[in-house]
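Student: Chain X: place on chain B using the hints.
Protein chains: 2
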Amino acid sequence: MPDDSGTQVVLSLTRLRRIRALDPANHTITVEAGVVLADVQAAARGAGLLFPLSLGAEGSCTIGGNLATNAGGTAVLRYGTMRDLTLGLEIVLPDGRVWDGLRALRKDNTGYDLKHLFIGAEGTLGVITAAVLTLFPGIRARATAWVALPSPRAAVDLIGQVRALAGDRLTTFELMSRQAVEFVLRNGNRDPFREPHPWYALVELTDTLPDSDLDSVLAAAMTGVTDAVLAAGPAQAAALRGLREGISEAQNHEGPSLKHDVTVPISDLPAFVEHTGAALRKAVPGIRLVTYGHVGDGNLHYNLSKPPGSGDAAFAARADELARIVYDATASFGGSISAEHGLGQSKTETIRDYKPTVELDLMGQVKRLLDPAGLMNPGKVVT
Amino acid sequence: MPDDSGTQVVLSLTRLRRIRALDPANHTITVEAGVVLADVQAAARGAGLLFPLSLGAEGSCTIGGNLATNAGGTAVLRYGTMRDLTLGLEIVLPDGRVWDGLRALRKDNTGYDLKHLFIGAEGTLGVITAAVLTLFPGIRARATAWVALPSPRAAVDLIGQVRALAGDRLTTFELMSRQAVEFVLRNGNRDPFREPHPWYALVELTDTLPDSDLDSVLAAAMTGVTDAVLAAGPAQAAALRGLREGISEAQNHEGPSLKHDVTVPISDLPAFVEHTGAALRKAVPGIRLVTYGHVGDGNLHYNLSKPPGSGDAAFAARADELARIVYDATASFGGSISAEHGLGQSKTETIRDYKPTVELDLMGQVKRLLDPAGLMNPGKVVT
Numbered sequence: 001m002p003d004d005s006g007t008q009v010v011l012s013l014t015r016l017r018r019i020r021a022l023d024p025a026n027h028t029i030t031v032e033a034g035v036v037l038a039d040v041q042a043a044a045r046g047a048g049l050l051f052p053l054s055l056g057a058e059g060s061c062t063i064g065g066n067l068a069t070n071a072g073g074t075a076v077l078r079y080g081t082m083r084d085l086t087l088g089l090e091i092v093l094p095d096g097r098v099w100d101g102l103r104a105l106r107k108d109n110t111g112y113d114l115k116h117l118f119i120g121a122e123g124t125l126g127v128i129t130a131a132v133l134t135l136f137p138g139i140r141a142r143a144t145a146w147v148a149l150p151s152p153r154a155a156v157d158l159i160g161q162v163r164a165l166a167g168d169r170l171t172t173f174e175l176m177s178r179q180a181v182e183f184v185l186r187n188g189n190r191d192p193f194r195e196p197h198p199w200y201a202l203v204e205l206t207d208t209l210p211d212s213d214l215d216s217v218l219a220a221a222m223t224g225v226t227d228a229v230l231a232a233g234p235a236q237a238a239a240l241r242g243l244r245e246g247i248s249e250a251q252n253h254e255g256p257s258l259k260h261d262v263t264v265p266i267s268d269l270p271a272f273v274e275h276t277g278a279a280l281r282k283a284v285p286g287i288r289l290v291t292y293g294h295v296g297d298g299n300l301h302y303n304l305s306k307p308p309g310s311g312d313a314a315f316a317a318r319a320d321e322l323a324r325i326v327y328d329a330t331a332s333f334g335g336s337i338s339a340e341h342g343l344g345q346s347k348t349e350t351i352r353d354y355k356p357t358v359e360l361d362l363m364g365q366v367k368r369l370l371d372p373a374g375l376m377n378p379g380k381v382v383t
Numbered sequence: 001m002p003d004d005s006g007t008q009v010v011l012s013l014t015r016l017r018r019i020r021a022l023d024p025a026n027h028t029i030t031v032e033a034g035v036v037l038a039d040v041q042a043a044a045r046g047a048g049l050l051f052p053l054s055l056g057a058e059g060s061c062t063i064g065g066n067l068a069t070n071a072g073g074t075a076v077l078r079y080g081t082m083r084d085l086t087l088g089l090e091i092v093l094p095d096g097r098v099w100d101g102l103r104a105l106r107k108d109n110t111g112y113d114l115k116h117l118f119i120g121a122e123g124t125l126g127v128i129t130a131a132v133l134t135l136f137p138g139i140r141a142r143a144t145a146w147v148a149l150p151s152p153r154a155a156v157d158l159i160g161q162v163r164a165l166a167g168d169r170l171t172t173f174e175l176m177s178r179q180a181v182e183f184v185l186r187n188g189n190r191d192p193f194r195e196p197h198p199w200y201a202l203v204e205l206t207d208t209l210p211d212s213d214l215d216s217v218l219a220a221a222m223t224g225v226t227d228a229v230l231a232a233g234p235a236q237a238a239a240l241r242g243l244r245e246g247i248s249e250a251q252n253h254e255g256p257s258l259k260h261d262v263t264v265p266i267s268d269l270p271a272f273v274e275h276t277g278a279a280l281r282k283a284v285p286g287i288r289l290v291t292y293g294h295v296g297d298g299n300l301h302y303n304l305s306k307p308p309g310s311g312d313a314a315f316a317a318r319a320d321e322l323a324r325i326v327y328d329a330t331a332s333f334g335g336s337i338s339a340e341h342g343l344g345q346s347k348t349e350t351i352r353d354y355k356p357t358v359e360l361d362l363m364g365q366v367k368r369l370l371d372p373a374g375l376m377n378p379g380k381v382v383t
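Chains B and X, in that order, give the protein sequences. Under UniProt numbering, the first residue of the first sequence is numbered 1, with each subsequent residue one higher. Under UniProt numbering, the first residue of the second sequence is numbered 1, with each subsequent residue one higher.
One chain only, chain B, in its complex shape (with noise of 0.2 Å):
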């Protein structure tokens, strides 16, 4: 986003929409900046293989952006973010030179791994114009549960009893508070259990033999759980799938959302939504938490919405002061205040809050280094 000085130009590279390469046995595609997720996802199923990345704007979002923002999604527990499926990249470096480092190899001890420096540095150091990434075996075979929890703890002990018995095959563990829940539901979702339950978990296990029971081995690992759903089919799946993709949208019809994207230690989840949930309904009674998140990863959407009845203007006048809440409670669990969304302009100078003061200075050192006329997304993530 520019800004109002009128000598900024955003740089489109949606031209840059060529998949250079595909090769199956070395399980790697290279493709340009602007080839879209969703034609990534496609080659590969062509050949018959994975590309995991996947998240709500796959159908426009560009290869060039997952890298820049370093972009998570819904299988992050599995297969890791984008930082974990490049091997290597092709950068325009502000001073004009290209560095051609699209190398296809999963070992290379030959100095110092430059390309994470790029990698989620929302393109303050460069122009990121193609990259190798990683492709996966075929998924054949996926299981679906939707699960009611008495509380978050329950929850943090259903992921470790399911990953200890299904290991690699747990793919999401998807965490949801009724209140968001009941947002989905008012747009006319169906609630698969009769009564209402404190909380709910998206379970989805997959695997590559076709054959593989997923389902008994989801059903083998829920004890502690309060009730729970296997998906009979896909239809089903898709159902449940959509009370948790449905949060944020239904959440938008109930006022102002204030979001927030916080990762802490998975063990301390328990205890993060209940400091953070009391502080937060001492500032404001009556707000509503809408506290849900790819839990697997420690990673919770913390939004909030106003109290029923009250005024929009006044809810959204204190964003500042409840982010604030929200930030120092992940901070005081050694979490951080953005998993998957970036720093961009508008957390530019709330980090410098919570960083460390060494760490701050280094990021500020390697930007002067390599854009030093800071020509480079001006303004944002360092000072």
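Be aware that a few hints might be false.
Same chains, same names: a pair is fine if it fits in one copy or spans any two.
Straight-line distance between alpha carbons at most 20 Å, and here's what the computed SDA-like set of lysine to any residue pairs gives [claimed, not checked]: (1) Lys-355 with Leu-55; (2) Lys-259 with Ala-313; (3) Lys-355 with Arg-97; (4) Lys-355 with Leu-102; (5) Lys-259 with Gly-344; (6) Lys-259 with Asp-100; (7) Lys-355 with Gly-96; (8) Lys-355 with Asp-100; (9) Lys-355 with Glu-90; (10) Lys-259 with Gln-179; (11) Lys-355 with Gly-88; (12) Lys-380 with Asp-113.
FYI, nobody ran anything at the bench for these hints, they're computed from the structure.
Tutor: Chain X alone, transformed into the frame defined by chain B:
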């Protein structure tokens, strides 16, 4: 290794040997740099979990060294290198400041991911004093196969077949030439087959599910192989692994070993083996090619032994010339001249012929930025 100036010191971190924390629910362990790798493995095992880094020196090598060299080993195919197993670092910078980056988070998009600069930097940018490492569910089933193959092409095809079926269960795929295995057999090991075969593979599947029928999965994937043995139990599996693990030592009895550690894209492995073998045989008629390695990662330990009956000194004297043949071939396939072993001092000059100038420049700039006085492991990695 210090130079002859008498002005360099070696810093030992072996007294930094505390395991600071083990968090089973978060699947993380926080350890100091002097902790021995086997002790980390044991601590994880004690919690029913797995720390997957595994290599020959695990009984004596330390986590600090594993991080400084971005260690690989036998399970990279599934779990990645040390870089992929690291969530956070604590580092003493060359200017004496301590960066506490010991975050135990799987997602954190709040600026540049600086830890990757230090992993694999061989101590040239600072001193790593502690790390947060990721743990995985414990392994409860294992299947091991020893396979005879007609060619590297058949090996590459087999990797594809096994991965497609077994997915993440495939943790090890090692390829060996007959020459490599013959050296081991001379030490009294038993050949699992009656007839010699030109190539062999060691394939291992693992699973978290104790009753997983991995033998059937392995058997189903074994098309296009000349012969195969499935280990009937742990003792036979250990014997088969011994054939692979004994190569390096067995080669020492055959005169000087000229060792190379390269990666190429897996798809290029057959052409690389053919091309490089022909060039070496032309340079040294009768040369023995001890070709083996972690082929599931595209990584070959491409070692050379002298022709039988020829002199040690004359062969050793040609080390640079023969390395150049191997490295030129590697580069022509887009490979790396050091997959696991780093640059150290022996390859710091050599790499200048194989890495893009832009990248070498960036490495030098980063070194001068962080360590302007050149205090950290001087003369190594960058010039």
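Student: All the hints need checking, so say for each whether the structure fits it.
Tutor: Here's how the hints hold up against the structure:
1. In this assembly of identical chains, the alpha carbons of Lys-355 and Leu-55 never lie at most 20 Å apart, being 28 Å within a copy and 35 Å across copies at closest.
2. Taking CA atoms no more than 20 Å apart as the test, Lys-259 paired with Ala-313 passes inside one copy only; the shortest distance there is 16 Å, against 70 Å between copies.
3. In the homo-oligomer, the alpha carbons of Lys-355 and Arg-97 lie at most 20 Å apart only across protomers (15 Å), although the nearest pairing inside one protomer, at 32 Å, exceeds that limit.
4. Only between protomers do Lys-355 and Leu-102 lie at most 20 Å apart by alpha-carbon distance; the minimum there is 12 Å, versus 32 Å within a single protomer.
5. Taking identical chains as interchangeable, the C-alpha atoms of Lys-259 and Gly-344 lie at most 20 Å apart only when both belong to the same chain, with a minimum of 15 Å there against 47 Å between chains.
6. For the identical chains of this complex, Lys-259 and Asp-100 are neighbours neither inside a copy (38 Å) nor across copies (28 Å), given an alpha-carbon limit of 20 Å.
7. When the C-alpha separation of Lys-355 and Gly-96 is checked against a cutoff of 20 Å, the pair qualifies only between copies, where the shortest distance is 19 Å, while the shortest distance within a copy is 31 Å.
8. For a Cα distance limit of 20 Å, the shortest separation of Lys-355 from Asp-100 across copies, 10 Å, qualifies, whereas the shortest one inside one copy, 32 Å, does not.
9. Taking the shortest Cα distances, Lys-355 and Glu-90 sit within 20 Å of each other only across copies (14 Å), while inside one copy they are farther apart (29 Å).
10. Taking identical chains as interchangeable, the C-alpha atoms of Lys-259 and Gln-179 lie at most 20 Å apart only when both belong to the same chain, with a minimum of 15 Å there against 62 Å between chains.
11. In this assembly of identical chains, the alpha carbons of Lys-355 and Gly-88 lie at most 20 Å apart only when taken from different copies (13 Å versus 28 Å within one copy).
12. In this assembly of identical chains, the alpha carbons of Lys-380 and Asp-113 lie at most 20 Å apart only when taken from different copies (16 Å versus 23 Å within one copy).
Checked against the numbered hints given earlier, this structure breaks hints 1, 6; the rest are met.
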